[in-house]
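Residue-level listing of the chains:
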Amino acid sequence: MNLTPISHCTKNLSFSPLHTPHPSVIGYAWRGFQISHFECEPKLLLEVQGPLEEILPIVYRKLSLPEFARLFDALRRHHLTFDPEKILHAYHLKWSQDLSNIFDLLINQSPEFQNWCSEKDLGLMELKPLLLALHLRDLSNWTSQICKLNPNRHLGSKIIEFVFMNPSHEVWVILENSKTAEIAYQQLHQMRYPISSQHDLKMVDFVKAFPWPAHVKANWQREGDRSGIRLEFFTLNSEDYVKKISQLSDLQHKLQSTWKKNNGN
Amino acid sequence: MEIKTFENIDRIYIDQSAVESSVAQRVYALFPVDKIEVVSQKPLSQLEGRMSSEDFNKSKRNLYITEYKGEFFKRCPGAKPGLTCCNYFVLNLGLQCNMNCSYCYLQSYINTPVMTIYSNLEKALSELKSIANENPEKYFRVGTGETVDSLSLDEITLYSRRLIEFFKDLPKWKLEFKTKSSKVDQFLDVPHAHNVICSWSVNPQNVIDSEEHNTASLEQRLTAAEKCLSKGFTIAFHVDPMIWHPDWKLNYSNLVQSITKKFSPQDLIYITVGALRFQPEQRHIMRERFSSQNMVNTAEMFQSKDGKMRYDQNLRTEMFEYIQSEFKKRNSSYRVSLCMEVPETWSMTMASSPSQIPELKDLFVGGR
Ligand code: SF4
Numbered sequence: 006m007n008l009t010p011i012s013h014c015t016k017n018l019s020f021s022p023l024h025t026p027h028p029s030v031i032g033y034a035w036r037g038f039q040i041s042h043f044e045c046e047p048k049l050l051l052e053v054q055g056p057l058e059e060i061l062p063i064v065y066r067k068l069s070l071p072e073f074a075r076l077f078d079a080l081r082r083h084h085l086t087f088d089p090e091k092i093l094h095a096y097h098l099k100w101s102q103d104l105s106n107i108f109d110l111l112i113n114q115s116p117e118f119q120n121w122c123s124e125k126d127l128g129l130m131e132l133k134p135l136l137l138a139l140h141l142r143d144l145s146n147w148t149s150q151i152c153k154l155n156p157n158r159h160l161g162s163k164i165i166e167f168v169f170m171n172p173s174h175e176v177w178v179i180l181e182n183s184k185t186a187e188i189a190y191q192q193l194h195q196m197r198y199p200i201s202s203q204h205d206l207k208m209v210d211f212v213k214a215f216p217w218p219a220h221v222k223a224n225w226q227r228e229g230d231r232s233g234i235r236l237e238f239f240t241l242n243s244e245d246y247v248k249k250i251s252q253l254s255d256l257q258h259k260l261q262s263t264w265k266k267n268n269g270n
Numbered sequence: 088m089e090i091k092t093f094e095n096i097d098r099i100y101i102d103q104s105a106v107e108s109s110v111a112q113r114v115y116a117l118f119p120v121d122k123i124e125v126v127s128q129k130p131l132s133q134l135e136g137r138m139s140s141e142d143f144n145k146s147k148r149n150l151y152i153t154e155y156k157g158e159f160f161k162r163c164p165g166a167k168p169g170l171t172c173c174n175y176f177v178l179n180l181g182l183q184c185n186m187n188c189s190y191c192y193l194q195s196y197i198n199t200p201v202m203t204i205y206s207n208l209e210k211a212l213s214e215l216k217s218i219a220n221e222n223p224e225k226y227f228r229v230g231t232g233e234t235v236d237s238l239s240l241d242e243i244t245l246y247s248r249r250l251i252e253f254f255k256d257l258p259k260w261k262l263e264f265k266t267k268s269s270k271v272d273q274f275l276d277v278p279h280a281h282n283v284i285c286s287w288s289v290n291p292q293n294v295i296d297s298e299e300h301n302t303a304s305l306e307q308r309l310t311a312a313e314k315c316l317s318k319g320f321t322i323a324f325h326v327d328p329m330i331w332h333p334d335w336k337l338n339y340s341n342l343v344q345s346i347t348k349k350f351s352p353q354d355l356i357y358i359t360v361g362a363l364r365f366q367p368e369q370r371h372i373m374r375e376r377f378s379s380q381n382m383v384n385t386a387e388m389f390q391s392k393d394g395k396m397r398y399d400q401n402l403r404t405e406m407f408e409y410i411q412s413e414f415k416k417r418n419s420s421y422r423v424s425l426c427m428e429v430p431e432t433w434s435m436t437m438a439s440s441p442s443q444i445p446e447l448k449d450l451f452v453g454g455r
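Which chain is which? The protein sequence lines are A and B, in order.
FYI, our numbering numbers position 241 of the first sequence as 246, with every residue one higher than the one before it.
FYI, our numbering numbers position 111 of the second sequence as 198, with every residue one higher than the one before it.
Treat the hints as calculated values from the structure; they're not laboratory data.
Built from N, CA and C at the ideal position, the CB exists for glycine as well.
Just so you know, not all the hints are guaranteed correct.
[Unchecked claim] To give an idea of the chain A side of the interface with chain B (calculated C-beta under 8 Å), a few residues:
no., residue
1, K99
2, I200
3, S201
4, S232
[Said to hold, decoys possible] Some chain B residues near chain A, calculated using beta-carbon distances under 8 Å:
no., residue
5, E368
6, E387
7, Y398
Build out the structure end to end from the sequences listed, making use of the hints.
Written out as structure tokens, the structure is:
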């Protein structure tokens, strides 16, 4: 390894990595290309030799999918031969046609969306629904609108899934008019699960309106593929327990008839 | 429309080790030689583990004939903890299917770009023979329709004939073919010991049209079942997977009507019912390969305790009860049971677990 003055590096491979290294840390060059510290113009670079798949993990401990997309794009623009499989493998990722398609797609999205994907560390599975939207001419408008809501990773991946399953006008209106990611998610969820959402809402009202004894807290809840009433009460001793259970038992018939009436899926 | 086996295969790879096998010989007899290639390694292996939905589609058109290196005889996946299922053993004679159902679980499972047929059926049979010798008191049920449809490629392999012959010497065992095809003519003349169950997964025709591409129509399946019945084979139906859609009650009622019009309770050893289910990660490939607005992709599915995506439990119970009542109201002797369901649904739909129901006990403990 040699130290090379930056003036000897005629080209740079800037792919806008998200994390800028501290200026005091040495920058790197490879085959005459500056490969790090793109923002801080160091005077000297450490010229490293060897295949890119060995060099990159030394310089960048972790890269997100949009960073890979930009890196591969930069390598191609400079007509450098490289093996994406080997580079991805060095980061414990497996090349696939789907991943390659996601890279092609990410490169054409706004920097804001790319950075949001990087910050939330979205992987192939979370971004796969975008492949359904390859036909959308204004895909970048959709992705920009999603990152404006700045959802967390979990919510963001759900929103991406719901949106690109059916990128209709109604879905666009939800994205545009929602003040927060949570609101957008709830509305998209209702659109994706119309029957169960409606049923759950109806049951929430039913449980709220039901004349439970004062000691009981009742809530309609969904747990995976099951939904039902969660009952909670506090009991002081066995006599108290018997009394409260019997108050609940008194409601059995009323509960049975009204639950059934409300429960048509 | 049901797929034409011989027209829909683009390329056939025969592994060197399988060239002498009966199935390879049939391939030479049935297909033009320029479609066939003898290989020493698995073809297209560069795609393995990284297949796109497009590659998956293509895999249905590339046939690979090779020996199966592992053990053939495996337990049914329904026997996992948390699931109530029949006492059933699986014999995998291949991997991948030439039909194309939108919900097919092979989409979450297959990562090889070819449709494989194992050439060494005789090894499987000798394993079965050993099991029979080691367990003279036990009677097993063996199904072949787990990782490949039992009959849709049978015109090529003729494995049904060999299996039926083999099971003739094990009269207390049961052999089950499970299919969505109508391809039965190739084995109807084979003498058997009345221990072969030919079963069809059935759905209303509108569900078949929307979700079960390249499979036989309902009418074709029922006609094939009638042919088998007339030759003394035992018949069963799987109303599985039931798929919810706005007119589901009417359409499933018509399905039951079509079945009961042709088959009396005595004609059918059992009818099983199951609802749509799939692995969560499978949803992506299903959307990429089929319309994202079809019945399966728009289904309201939730993750169940066993990790699979299923309809809401109340809805499943309603669907199962409905099918049961549709059969029973026509004749209370039809034997309807659930398969691949979680115990809660069993207890909500049926009075008790399968082994406690006298009419299903034999089926589930494997002692008929
Ligand atoms: S018939 Fe069975 S194996 Fe074939 S595609 Fe349909 S579900 Fe899959």
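Next item on the list: Compare the structure with the hints numbered earlier in the document and write down the numbers of the violated ones, lowest to highest.
Entry: none
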